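Numbering (our numbering), first residue to last: 487 to 800.
Keep in mind the hints are simulated off the structure, nothing from the lab. Computed from a predicted model, the values in this text were never measured in an experiment. Ideal placement from N, C-alpha and C gives every residue a C-beta, glycine not left out. There may be inaccurate statements among the hints.
As the list claims (entries may be wrong) - Calculated pairs, EDC-like style, for lysine to aspartate or glutamate (alpha carbon to alpha carbon, straight line, at most 20 Å):
1. K567 <-> E557
2. K598 <-> D533
3. K567 <-> D666
4. K598 <-> D741
5. K598 <-> D503
6. K680 <-> D701
7. K598 <-> E617
8. K598 <-> D501
9. K567 <-> D533
Said to hold, decoys possible - Quick list of simulated restraints, FRET-style, between CB atoms:
10. R685 <-> S709: 23 to 29 Å
11. A534 <-> P796: 22 to 28 Å
12. R689 <-> G577: 39 to 45 Å
13. P688 <-> T596: 24 to 30 Å
14. G577 <-> P556: 37 to 43 Å
15. E637 <-> R573: 34 to 40 Å
16. A746 <-> R772: 22 to 28 Å
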Amino acid sequence: MAVTPSRTGTPVPPDTDVIIIGGGPAGCAAARMAASVGTRSVLIEPDALCRNLYRIPALNNVLGGYASGPELADSITAELKSTTLCRIELGRHATRIRSADDHVTVTLDTGKQLVAPHTIVATGVGPVQPEDAPWITAPSGLTLMPLWQAEEDQAEGRTLLILGGDRPIGTFLRANPTTDTRLLVAYPPSDDYKIEEIRDDPRVTLIPADHLTLDLLETTVLSADIVGRDGEHQHVTADLTFLSIGTAPTAPNGDLIRDATGYCPPSNQHPRVIIAGDLRSPRFQRIMTAMGSGSEAALHAYYAARDMLPGNSR
487 MAVTPSRTGT
497 PVPPDTDVII
507 IGGGPAGCAA
517 ARMAASVGTR
527 SVLIEPDALC
537 RNLYRIPALN
547 NVLGGYASGP
557 ELADSITAEL
567 KSTTLCRIEL
577 GRHATRIRSA
587 DDHVTVTLDT
597 GKQLVAPHTI
607 VATGVGPVQP
617 EDAPWITAPS
627 GLTLMPLWQA
637 EEDQAEGRTL
647 LILGGDRPIG
657 TFLRANPTTD
667 TRLLVAYPPS
677 DDYKIEEIRD
687 DPRVTLIPAD
697 HLTLDLLETT
707 VLSADIVGRD
717 GEHQHVTADL
727 TFLSIGTAPT
737 APNGDLIRDA
747 TGYCPPSNQH
757 PRVIIAGDLR
767 SPRFQRIMTA
777 MGSGSEAALH
787 AYYAARDMLP
797 GNSR
């Protein structure tokens with residue numbers, strides 16, 4: 487039965503102790519930590535648990551001996567499915583969040599509403615397309631494949647034009663250490679700090695760009711006109727073009743406070759809405775930081791429910 491959220495604090499019976507929106511590393515860590523302190527949760531995920539981890543062929547910054555994303559994702563999924571205090575709602579989208587004095591209401595795409603004292607929002611980020619990047623001029627409606635979806639046979643013996651200097655480039659190179667390929671990496675000033683880990687790879691040619699215009703031929707981008715930081719123009723050609731221009735935050739509608747870039751700073755939110763993982767900011771987007779913030783979010787909800795947070799009066 488649908489519950490109409492109270493904006494004035496009228497008591498509403500909860501469905502669980504905490505609603506977790508997003509089944510990536512942050513959301514899964516939140517559910518696991520919540521269960522460890524006896525807190526019930528409902529985890530809402532439209533796809534598969536840790537779906538993005540399955541796209542990471544090589545890991546080098548995660549504890550536990552996991553060498554690949556699928557290996558880590560399988561382990562997390564098995565643990566969460568054995569967590570009896572967590573009810574997993576796969577295939578469901580959270581469409582709206584409403585906060586009241588004493589509870590939060592989350593509406594699903596089915597129209598069903600869930601009520602809990604707190605919600606943890608860990609919906610993360612999604613890929614950005616060329617038309618979303620202000621430094622790129624692209625044909626209308628053009629959709630390109632992100633680099634992490636590229637197969638080794640697509641790269642072998644070929645020249646790839648990479649748009650942006652985001653860190654999946656380093657992952658791709660580590661996952662394919664013997665692949666004979668050439669990467670032309672055109673990137674804006676905002677990506678300067680990201681390219682340090684690939685600077686010394688002989689397969690990489692770095693192209694600091696002020697602006698880039700894509701040329702389309704038979705639905706495949708084969709070339710680009712690039713204006714460099716020094717104002718010089720150059721024309722580059724490639725066999726294939728892939729994206730590494732970063733991501734954009736994804737979050738439900740409703741009572742979330744977003745900054746100018748669409749992220750949801752945790753300190754700006756209603757006390758009963760807790761932000762975890764990559765949705766917090768464009769910085770520190772790593773698997774380990776997501777897990778840590780998810781775990782901290784679960785403990786925050788646990789202590790808040792017991793009036794154990796400094797200045798907590800709810």
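Consistency of the hints with the structure:
no. : hint                      : verdict
1   : K567 <-> E557             : 16 Å, holds
2   : K598 <-> D533             : 18 Å, holds
3   : K567 <-> D666             : 41 Å, violated
4   : K598 <-> D741             : 18 Å, holds
5   : K598 <-> D503             : 17 Å, holds
6   : K680 <-> D701             : 26 Å, violated
7   : K598 <-> E617             : 35 Å, violated
8   : K598 <-> D501             : 12 Å, holds
9   : K567 <-> D533             : 15 Å, holds
10  : R685 <-> S709: 23 to 29 Å : 24 Å, holds
11  : A534 <-> P796: 22 to 28 Å : 38 Å, violated
12  : R689 <-> G577: 39 to 45 Å : 40 Å, holds
13  : P688 <-> T596: 24 to 30 Å : 53 Å, violated
14  : G577 <-> P556: 37 to 43 Å : 21 Å, violated
15  : E637 <-> R573: 34 to 40 Å : 37 Å, holds
16  : A746 <-> R772: 22 to 28 Å : 23 Å, holds
Comparing the model with each numbered hint stated earlier shows that hints 3, 6, 7, 11, 13, 14 do not hold.
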